[in-house]
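Trainee: So the chains spell out like this:
Protein chains: 2
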Amino acid sequence: MGRAPSTSGSSLELFDIDLDRAMELIKKSGAKIVGIQVPEGLKRMASEVAKEIVEKTGAEVIVSGDPCYGACDVDLDLCRVADLVIHIGHSEMLEGDPLLDKIVYIEARMKADVKETVEKATDILSARRVGVVTTVQHVHKLDDIVEVLEKSGIEAVVRTGGKRTRYLGQVLGCNYEAARDLDVDEYVFVGTGQFHPLGVALASGKKVVAADPVTGNVSVIDTTPMLKRRYGAIARALDAEKVAVLVSKKPGQKRADLARKMAALGEEHGKEMVLVYLDRVEPEVLINLGVNAAVCTACPRIALDDQAKYPVPILTPPEFEILLGVRRGDYPLDEIE
Amino acid sequence: MGRAPSTSGSSLELFDIDLDRAMELIKKSGAKIVGIQVPEGLKRMASEVAKEIVEKTGAEVIVSGDPCYGACDVDLDLCRVADLVIHIGHSEMLEGDPLLDKIVYIEARMKADVKETVEKATDILSARRVGVVTTVQHVHKLDDIVEVLEKSGIEAVVRTGGKRTRYLGQVLGCNYEAARDLDVDEYVFVGTGQFHPLGVALASGKKVVAADPVTGNVSVIDTTPMLKRRYGAIARALDAEKVAVLVSKKPGQKRADLARKMAALGEEHGKEMVLVYLDRVEPEVLINLGVNAAVCTACPRIALDDQAKYPVPILTPPEFEILLGVRRGDYPLDEIE
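Chains as they are written, first to last, in my numbering: chain Y, 1 to 337; chain R, 1 to 337.
Check each hint, because a few of them may be wrong.
[Stated by the list, open to error] Selected chain Y positions facing chain R (in silico; Cβ < 7 angstroms):
(1) 32
(2) 40
(3) 64
(4) 65
(5) 278
(6) 285
(7) 322
(8) 326
(9) 327
(10) 330
[Stated by the list, open to error] Under the rule of at most 30 angstroms between Cα atoms (straight-line distance), these lysine-lysine pairs were calculated in the DSSO-like manner:
(11) Y/32 with R/242
(12) R/51 with Y/261
(13) Y/51 with R/51
(14) Y/254 with R/27
(15) R/242 with Y/27
(16) Y/28 with R/261
(17) R/309 with R/242
(18) R/254 with Y/51
(19) R/261 with Y/27
(20) Y/261 with R/207
(21) Y/261 with R/261
(22) R/207 with R/115
[As the list claims (entries may be wrong)] According to the in silico footprint, chain Y covers these stretches of chain R (three or more CB under 8 angstroms from chain Y):
(23) 32-44
(24) 47-59
(25) 200-207
Don't read these hints as lab results, they were simulated from the structure.
Keep in mind the model is a prediction, meaning the values are calculated, not measured.
The beta-carbon is built from N, C-alpha and C at its ideal position, and this holds for glycine as well.
One chain only, chain Y, in its complex shape (with noise of 0.2 angstroms):
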């Protein structure tokens, strides 16, 4: 399954979601055949959003029916069927492929209040100048966090995200170009989970708060125990003698030419290395595959998140790169640009 999907758990009311302006497009466009593409947390509402668009344009409805991660997963074969598809609940990334013409993104928008949480996190913040960091959920919360970090005498900096971001302060699961070269001593990072505050810290090497405007939690990140996971699984894919290279077929996550550069790599260093070309990391497919470890150039969060289900030591590139002992010094992040 790869991951879990990125907004799983979040109820619908939590959202604003412009569906008007997809019924305008629909309609403008006179699609005959309108595809919709939602991530599991939202998917309920697929049904709902395919009965209004029936009534409302008398276009057909075809649902995606395959866990969607991020805007890196958009469903090309839908686009292949439907006219126009429309992706629910992530920003633009991708371009390239005539097929994204057919995509519409309407992004899902948290309706939580920032304010409160941010304001409990001036409190552990000590620096005076400070970065901020967000996902798409909350980046119109912007304002918002910067109004409550100034009023308590705090310099918020803000930057341009990696190009498959669309938003000031955006970061990614695999992207963190907007906590980097920043004049700052400290983040704060404003959204859900541990995953993103914890790239903000390995690719910033600062302290992260992360503020929790859903739970309302602010914690401090200590990246420690995922580092110790990671080089974990690098001693243990030391002596592998067959590993599997992992190539996504997900448009935004398919990075072949590194992919090719690992084999490269491994094989010059006397490993037996496979090209293996696959829409989701399941565990089944290295157990049959009957390799040693698996290098993954599809989404970072598969070997970083995901590690405990597999049977298997899944590395990131620059993972096997320092396992080859081709790459020193400080832990590498693996982001995709």
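Given chain Y, put chain R in place with the hints provided.
Mentor: Structure of chain R alone, referenced to chain Y:
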């Protein structure tokens, strides 16, 4: 995951696989990138075959890492990135898409002797004229089967299968044409598992003796438990208000027109129907979509073999017609022509 992979549990030593033919075709084609697709039970051979192709032809090799359930489930994404794809373990089935022209089918022929088991089967066959059916793994043993039957004074009758098959007497999990309209009173099925002989019994309405050359077991097929389960599923789906119609992305399981027909039929009968396009039928998607039942137009085995793992009743299209009251008579087996 859909259902259990087609040759799961089989070990490589059980099969004859003509890899020399694959090597010749690769060399002749001048392919620079060669894809390999194998069912799960044979996946362990993938890296060995990959190595051999690299050594003998110099091509780059990419292995399909997604589960493979049959020739209906060829990896078109792999065809998009490879110059030639070696599909191991199934006989050719599909045509139409130009991507399919890249595929070379290398069948896996089971070495197991069939004579002894068919001999055993003659003890429980009572008819003097018997229809013979088998799967692609044993079709090369058809002469042996016929010889044993005729030695016991039984006339063996064999006919061509459906369009999706390639050999006399060949049945598929989704097609039993080779077991129809024969002037016989009984059938002997040679092969592994219970699903195919159950299909033969339902399709023919005749007594079926299953002879498994791997285990050596011989048994008379009883369709009652399966029919009870299926009518039970239909009964449980009677009150379903919201029903998903599942359409497979797999090239040989995509029955979009049938799905549209089922959706229209359901709507006419007051059900809320939602068309769902997906690669694998997972229990989670049905929960997340919030449907009370599903009509599966993908592989018939998903409903018939795997119902237990799904949270809601999954019906085949003809079963859904029974539910709606638009079909009567004997239990209608879902087949793909």
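Trainee: Straight-line Cα separation of residue 207 of chain R and residue 115 of chain R no greater than 30 angstroms?
Mentor: OK: residue 207 of chain R and residue 115 of chain R at ~21 angstroms, within 30 angstroms.
Trainee: Given residue 65 of chain Y as an interface hint, is the shortest Cβ-Cβ distance to chain R below 7 angstroms?
Mentor: holds (3 angstroms)
Trainee: Quick one, are residue 242 of chain R and residue 27 of chain Y close enough, alpha carbons at most 30 angstroms?
Mentor: holds (26 angstroms)
Trainee: Straight-line Cα separation of residue 51 of chain Y and residue 51 of chain R no greater than 30 angstroms?
Mentor: violated (51 angstroms)
Trainee: Please verify whether residue 261 of chain Y and residue 207 of chain R have alpha carbons no more than 30 angstroms apart.
Mentor: With Cα atoms ~58 angstroms apart, residue 261 of chain Y and residue 207 of chain R exceed 30 angstroms; violated.
Trainee: Next item in the hint list is residue 64 of chain Y. Is there a CB on chain R closer than 7 angstroms to its CB?
Mentor: holds (6 angstroms)
Trainee: Classify the hint on residue 40 of chain Y as holds or violated, based on whether any CB of chain R lies nearer than 7 angstroms to its CB.
Mentor: holds (5 angstroms)
Trainee: In terms of beta carbon proximity below 8 angstroms, does the segment 32-44 of chain R have 3 or more residues touching chain Y?
Mentor: holds (count 4)
Trainee: Counting residues of the segment 47-59 of chain R whose CB is closer than 8 angstroms to a CB in chain Y, do you get three or more?
Mentor: As far as the segment 47-59 of chain R goes, the hint holds, because 3 residues have Cβ atoms under 8 angstroms from chain Y.
Trainee: Are residue 32 of chain Y and residue 242 of chain R close enough, with their CA atoms no more than 30 angstroms apart?
Mentor: Holds - the C-alpha atoms of residue 242 of chain R and residue 32 of chain Y are around 23 angstroms apart, at most 30 angstroms.
Trainee: Minimum Cβ distance from residue 326 of chain Y to chain R below 7 angstroms?
Mentor: Violated: closest Cβ of chain R sits about 22 angstroms from residue 326 of chain Y, beyond 7 angstroms.
Trainee: Hey, residue 261 of chain R versus residue 27 of chain Y, does the alpha-carbon distance stay inside 30 angstroms?
Mentor: holds (25 angstroms)
Checked against the numbered hints above, the structure violates hints 1, 7, 8, 9, 10, 13, 20, 21, 25; every other hint is satisfied.
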